[in-house]
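J.: Under the numbering used here, the letters of the sequence shown match residues 1492 to 1641, in that order.
No false leads were slipped in.
Here are the computed lysine-lysine pairs in the DSS-like style, where the Cα-Cα straight-line distance is at most 25 angstroms:
1) K1631 - K1572
2) K1606 - K1631
3) K1588 - K1631
4) K1561 - K1588
Pair by pair, the computed Cβ-Cβ distance ranges are:
5) G1543 - K1588: 15 to 25 angstroms
6) K1586 - F1523: 28 to 38 angstroms
7) N1616 - K1524: 31 to 41 angstroms
These are computed hints drawn from the structure, not numbers from a lab.
All residues carry an ideal CB built from backbone N, CA and C; glycine is no exception.
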Amino acid sequence: KKLENKAKIIITGFGEYATLRTIIKLFKKGVFKEDDKFFNIGYCGANAFDVGEVVSVGKSYREKPSNFAKDKTYTLDKNSKVKCYTSTDFVQESKHKGIFDMELYILATIFPKIKSIKIVSDNLNYKQYKKVSLKKSWQKANKILFAQID
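Based on the provided sequences and hints, a complete structural model is requested.
T.: Next comes the structure, spelled out in structure tokens:
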């Protein structure tokens, strides 16, 4: 299957800053609107799932809440209990149980209709992340995506 005429693929890079820069540029160019439906697909670390698992994110949190205000929690999929904690850096340990990325929280703050599919690439181990091959996991993630787009 192809995504032609169904969706736009936007590659943001990794990390909140790269993601935010890309989103701002695309807003300025009028490529999309805030109320469009978005899917975030990418890698994550996890301490609650095995490498290669593909998960739909239920809620998005900040890994380290701000000292100045209570960070909001975003619900992305009411049918999923998976918690995603976003950090500005690669997470190697956490008191939380779930998955960990570097982009989803900023995307959830901007796009109210976002859904997220994450592929577990490591168990909070940077060396493991650099060595993993997840071809079958990407095939599964694509199946989930196409089922939601159709």
